[in-house]
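Protein chains in written order, with this note's numbering: chain A, 1 to 276; chain B, 1001 to 1281.
These are computed hints drawn from the structure, not numbers from a lab. Yeah, the Cβ is synthetic: ideal placement off N, Cα and C, and Gly gets one too. Accuracy of the hints is not assured; some may be wrong.
[As the list claims (entries may be wrong)] Dumping the calculated DMTMM-like pairs for lysine to aspartate or glutamate here, alpha-carbon to alpha-carbon at most 25 Å:
id, chain 1, residue 1, chain 2, residue 2
1, B, Lys1018, B, Asp1257
2, A, Lys185, B, Asp1259
3, A, Lys185, B, Asp1157
4, B, Lys1121, A, Asp39
5, B, Lys1018, A, Glu138
6, B, Lys1121, B, Asp1157
7, B, Lys1018, A, Asp186
8, B, Lys1018, A, Asp139
9, B, Lys1194, A, Asp39
[What the hints assert, rightly or not] If you want the footprint, here are the derived chain B segments under chain A, 3+ residues with CB under 8 Å:
id, region
10, 1024-1034
11, 1071-1077
[Claimed, not checked] Pairwise CB distance ranges (calculated):
id, chain 1, residue 1, chain 2, residue 2, range
12, A, Cys79, B, Gln1241, 54 to 62 Å
13, B, Pro1030, A, Gly76, 32 to 40 Å
14, A, Asp77, B, Val1265, 24 to 32 Å
15, B, Gln1139, A, Pro113, 49 to 57 Å
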Amino acid sequence: MSQLTLGQYQALFCQELLSQSRLALDYDQNTDSLLPLIDSSPQQALDRIAIYRNNVLHSISAALGDLYPVVKRLIGDDCFNGAAVEFVRQLPPSDPVLLHYGEAFIEFIAQFPACQNIGFIKDIAMLEYHYNRAFHSEDTPSFELSELRIIAPENLGELSFTCHQSLTLFQSAWPVQDIWHENLKDEPELIDLDQSTGSNILIYRQVMTVQVINLDTHCYQFLKQLSAGATINTAWQITSQHAVGQGETLDEEELSPMLGYLLNLQLFTHFQLTEN
Amino acid sequence: MKFAQSKSIPASAGVGLKPQHFELILTQQPDIAWFEIHAENYMGAGGPMHQYLNAIRQNYPISIHGVGLSLGSATGLSVAHLNRLQHLVNRYEPGMVSEHLSWSRHGDTVLNDLLPVPYTKESLQVFSQNIDQMQTTLQRQILIENPSSYFELIDGDFTEHEFLVTLAKQSGCKLLLDVNNIYISACNHGFDAKEYVLSIDPTLVGEIHLAGHSVQQTQSGTVRIDDHGSMVCDAVWQLYQFTLAHIGNRPTLIEWDTDVPSWQVLNQQAQLAKQFLEVNE
Chain A
1 MSQLTLGQYQ ALFCQELLSQ SRLALDYDQN TDSLLPLIDS SPQQALDRIA
51 IYRNNVLHSI SAALGDLYPV VKRLIGDDCF NGAAVEFVRQ LPPSDPVLLH
101 YGEAFIEFIA QFPACQNIGF IKDIAMLEYH YNRAFHSEDT PSFELSELRI
151 IAPENLGELS FTCHQSLTLF QSAWPVQDIW HENLKDEPEL IDLDQSTGSN
201 ILIYRQVMTV QVINLDTHCY QFLKQLSAGA TINTAWQITS QHAVGQGETL
251 DEEELSPMLG YLLNLQLFTH FQLTEN
Chain B
1001 MKFAQSKSIP ASAGVGLKPQ HFELILTQQP DIAWFEIHAE NYMGAGGPMH
1051 QYLNAIRQNY PISIHGVGLS LGSATGLSVA HLNRLQHLVN RYEPGMVSEH
1101 LSWSRHGDTV LNDLLPVPYT KESLQVFSQN IDQMQTTLQR QILIENPSSY
1151 FELIDGDFTE HEFLVTLAKQ SGCKLLLDVN NIYISACNHG FDAKEYVLSI
1201 DPTLVGEIHL AGHSVQQTQS GTVRIDDHGS MVCDAVWQLY QFTLAHIGNR
1251 PTLIEWDTDV PSWQVLNQQA QLAKQFLEVN E
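When you get a sec, could you build the whole thing from the sequences and use the hints?
Encoded structure:
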């Protein structure tokens, strides 16, 4: 180590661990080699470097496998591991807490050559990433429905809500909740994609359990507005306009059960009355 | 430097806490002396991991074992990560906090493994500085674990055990002696494991780790791999007894992190360690 500082050694080893394995012959021509620093024969040094390389790539890939179990099942272990190793090489973690790693894998797996024909793989990855995020998100209890009694009925329309931090909403052209749910089972049932419609996915954590719900389109639009901070009146107005845009009419009487349904999901941590 | 008083962990056998065993531990309250957690697994903001740990720590002492601080990084510690560790320590008030004699981060790249350092004067200075920062931030004495390794670097100024003892004396930290790691490195590099143990000042040792390892064939021969995925082997149990005879009884942890077994199998390993501790009393 007499010629290298600790920092230089670590830079060299870091590069070595994230690169493809090389033959002893390649090292002979390299002046930036780790080999002369290792107290053994070149072949043994190569074998031992390979163990570290394998540990690094395997441990981070395994963390991705834990994060994306259904993606892994859908594309198979070999394909997933190949994609994961390539991803780790291109975008290694920058945070030692791997609970926060792997969001960029959603886009990566959608573009991965072997998966480009699996149209729903990106949305399944999206679902799994946000499932994990919800699992580890902050503990904030939802408010008790009885607390709403303090709001005069004529002011209810001016209420707005703060959602639980775990909440994620996204739409997919595929029945992703069904695909995901079936593939958590030992023996999944076949899903006829030709007969399926898209989905409006809500993910959030209710106390200890992460919920994944496929919402009705109007309910999804309504919640989307509420989660962006709109009052009940504004959210309903935009949801109604959206329905008209789709050639449908939303009856005013549907507001109350829709709001009741969402309140019972315990999605909201706080409520506020907006002053006019 | 003065450190905050810790809730002590008994000189008995504990096991690594695994989510697979959360429910059983809470419902059956098994007879086990203590649990150790990997700090980084509890650095999410909330959720079931914290709910379970909160409940379990009501009944058992907890030790926090960091695997991601990278005390051997020449570029210094990640202050953000150290602050998260501090938050975790404040929240759970563990009986012990430990980290490794290794590095896992270079610049912005995290390698998620416990990588070897050269045992040079420069490395000693880097570790001393980083351990000092860690102990000052956490306001407590920490323990440093000896690594398992697959190669040795040339031109070191110290052997590994000389480095550890010097570091502990210089920085005021204690040592976590991983007997499985000593055995693995001794086999991989051809040194005498017992001589290594005998060279460690018993007063510096605060904890012992035990784990299983695997044996791999490579082109250049056999290598022992520290994978924490099986039972402790007979040779490591023998080295453990030798270590207890030299060091005295210390809190002893069974680590099992891959292919996590049933509680019954894990607990049997802990009971075996407990028997050796009782015989050594």
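Hints versus structure:
1. Lys1018/B - Asp1257/B: Roughly 8 Å separates the two Cα atoms, so the pair holds.
2. Lys185/A - Asp1259/B: 20 Å, holds
3. Lys185/A - Asp1157/B: 56 Å, violated
4. Lys1121/B - Asp39/A: 18 Å, holds
5. Lys1018/B - Glu138/A: 21 Å, holds
6. Lys1121/B - Asp1157/B: 6 Å, holds
7. Lys1018/B - Asp186/A: 23 Å, holds
8. Lys1018/B - Asp139/A: 21 Å, holds
9. Lys1194/B - Asp39/A: 22 Å, holds
10. 1024-1034: The restraint on the region 1024-1034 of chain B is violated, since only 0 of its residues have a Cβ under 8 Å from chain A and three are required.
11. 1071-1077: holds (count 4)
12. Cys79/A - Gln1241/B: 54 to 62 Å: Given about 47 Å between the Cβ atoms, the range is violated.
13. Pro1030/B - Gly76/A: 32 to 40 Å: Holds - the Cβ-Cβ distance for Pro1030/B and Gly76/A, about 38 Å, lies within 32 to 40 Å.
14. Asp77/A - Val1265/B: 24 to 32 Å: At 25 Å between Cβs, range holds.
15. Gln1139/B - Pro113/A: 49 to 57 Å: 52 Å, holds
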